[in-house]
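*Asks:* Sequence:
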Amino acid sequence: MRGWLLFHNDVADDVPEAPEIRRFIEVGKRRGIKLEALRPRDFELIVSTEREWRAEYAGGKLPKPDFIIPRTGSETSYFTLAVIRQFERMGVPLINGAEAVEACADKLQTLQLLSASGLPIPRTILAKFPVDVDVIERELGFPVVVKKLRSTRGAGVVLCQDRDQFDDLASLLGDAGYQSDFIFQQYIARSHGRDVRLLVIGGEIAAAMERRSLNGNFKSNISLGGTGECIIPPVDMAQLAIEASKALRLDIAGIDILYDENGYRICEANSSPGFVGLEKACPVSVPDKVLDYVTTRLKPPAEPTKRSLWSRIPFVGRTKEKPREKEKA
Numbered sequence: 002m003r004g005w006l007l008f009h010n011d012v013a014d015d016v017p018e019a020p021e022i023r024r025f026i027e028v029g030k031r032r033g034i035k036l037e038a039l040r041p042r043d044f045e046l047i048v049s050t051e052r053e054w055r056a057e058y059a060g061g062k063l064p065k066p067d068f069i070i071p072r073t074g075s076e077t078s079y080f081t082l083a084v085i086r087q088f089e090r091m092g093v094p095l096i097n098g099a100e101a102v103e104a105c106a107d108k109l110q111t112l113q114l115l116s117a118s119g120l121p122i123p124r125t126i127l128a129k130f131p132v133d134v135d136v137i138e139r140e141l142g143f144p145v146v147v148k149k150l151r152s153t154r155g156a157g158v159v160l161c162q163d164r165d166q167f168d169d170l171a172s173l174l175g176d177a178g179y180q181s182d183f184i185f186q187q188y189i190a191r192s193h194g195r196d197v198r199l200l201v202i203g204g205e206i207a208a209a210m211e212r213r214s215l216n217g218n219f220k221s222n223i224s225l226g227g228t229g230e231c232i233i234p235p236v237d238m239a240q241l242a243i244e245a246s247k248a249l250r251l252d253i254a255g256i257d258i259l260y261d262e263n264g265y266r267i268c269e270a271n272s273s274p275g276f277v278g279l280e281k282a283c284p285v286s287v288p289d290k291v292l293d294y295v296t297t298r299l300k301p302p303a304e305p306t307k308r309s310l311w312s313r314i315p316f317v318g319r320t321k322e323k324p325r326e327k328e329k330a
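Under our numbering, the residue at position 40 of the sequence shown is numbered 41, and the numbers go up by one with no gaps.
Read the hints as simulated data drawn from the structure, not as lab findings.
Some clues are possibly wrong.
Once the Cα atoms are required to be at most 30 Å apart in a straight line, the calculated DSS-like pairs of lysine-lysine come out as [stated by the list, open to error]: (1) Lys-290 - Lys-247; (2) Lys-220 - Lys-149; (3) Lys-62 - Lys-35; (4) Lys-290 - Lys-30.
Pairwise CB distance ranges, derived in the manner of DEER restraints [stated by the list, open to error]: (5) Asp-14 - Arg-191: 36 to 44 Å; (6) Lys-247 - Val-277: 21 to 29 Å; (7) Leu-46 - Gly-217: 20 to 28 Å; (8) Leu-170 - Glu-45: 36 to 44 Å; (9) Val-136 - Arg-3: 48 to 56 Å.
Just so you know, these numbers come straight off a predicted model, no measurement behind them.
Ideal Cβ positions, reconstructed from N, Cα and C, are used throughout, including at glycine.
Go ahead and model the full structure; you've got the sequences and the hints to work with.
*Replies:* If you want it as structure tokens, here you go:
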């Protein structure tokens, strides 16, 4: 079996995601699965009226893989989505598909889809410059969270404590020429400095950890120095994460959940979740879990036996009654 990992950088690059790509390749090799990391920008996509769709890579041809795992996350561009869609329409299984990857690359779209499915999220407003601070104060109150639409590992997220601090930041962003690159979000006080990351694979919880910040920072990301503790999530939290992954059509999902006064709220969803911190906190090999799912999904269905064929036919006759006990004399 052979598969591709779509990744924006070279595997040897000094970027936070590269070690995870190398882990995938190493685990795949141990399991007899050949994994290659390919850059989306190096593809040439050919679409013709004869439906002879092709994709060339770095000026040459590659045999079609058995599956593709996009690991592009918030850096997913239009071109990357076009590559994913091309292979979807060529019949290659995608773990995750274009629709799911696109939904998670844009934080507002993620929240729109979750809200449309009736799932709890923080109240959110799309930034429009100049910002009407009165609207922000009325709808969200202060403190308020400011986020870039496309960001990862806690970068591009700021907590503004009051109206004056928010007004200064909004003016700075407006003067810098930003238009719709940010969202403003309700601050969930009970979850200050802590949240739960749940890894969902194939509609099941593979692992979960509670993340806590250091020094009172409101962001709990492991990449920013936070700590992680492996937990068994409560049933309602686990079910919320599974429902979120289904709403976003994610085969693999990193769902971040905040503690709220009335339960939980979904903060974010990731289509290519990082797992270095999760593996340190929990006794789990994420690449093995993912490849277990891929192997199961690609396994051809077993030929039905004669017995299994009969078992599919509903029995509509009378059920066998339990023999009556003989009456005592």
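*Asks:* Is the gap between the beta carbons of Leu-46 and Gly-217 within 20 to 28 Å?
*Replies:* Taking Cβ atoms as reference, Leu-46 and Gly-217 lie about 49 Å apart, which means the hint is violated.
*Asks:* Range hint 36 to 44 Å: satisfied by the CB atoms of Leu-170 and Glu-45?
*Replies:* holds (42 Å)
*Asks:* Take the C-beta atom of Asp-14 and the C-beta atom of Arg-191, compute their distance, and say whether it sits inside 36 to 44 Å.
*Replies:* holds (39 Å)
*Asks:* So the hint says 21 to 29 Å: do the beta-carbon atoms of Lys-247 and Val-277 match that?
*Replies:* holds (26 Å)
*Asks:* For the pair supplied as a hint, Lys-220 and Lys-149, is the alpha-carbon distance within the 30 Å limit?
*Replies:* holds (14 Å)
*Asks:* Going straight from one Cα to the other, do Lys-62 and Lys-35 come out at no more than 30 Å?
*Replies:* holds (17 Å)
*Asks:* If I claimed the Cβ atoms of Val-136 and Arg-3 lie 48 to 56 Å apart, would that claim hold in this structure?
*Replies:* holds (52 Å)
*Asks:* Verify the proposed pairing of Lys-290 with Lys-30, using a straight-line Cα cut of 30 Å.
*Replies:* holds (15 Å)
*Asks:* Quickly compare the C-alpha distance for Lys-290 and Lys-247 to 30 Å and report which way the hint goes.
*Replies:* Holds. Lys-290 to Lys-247 sits at ~18 Å (cutoff 30 Å).
This entry does not satisfy hint 7, going by the numbered hints stated previously; all others are met.
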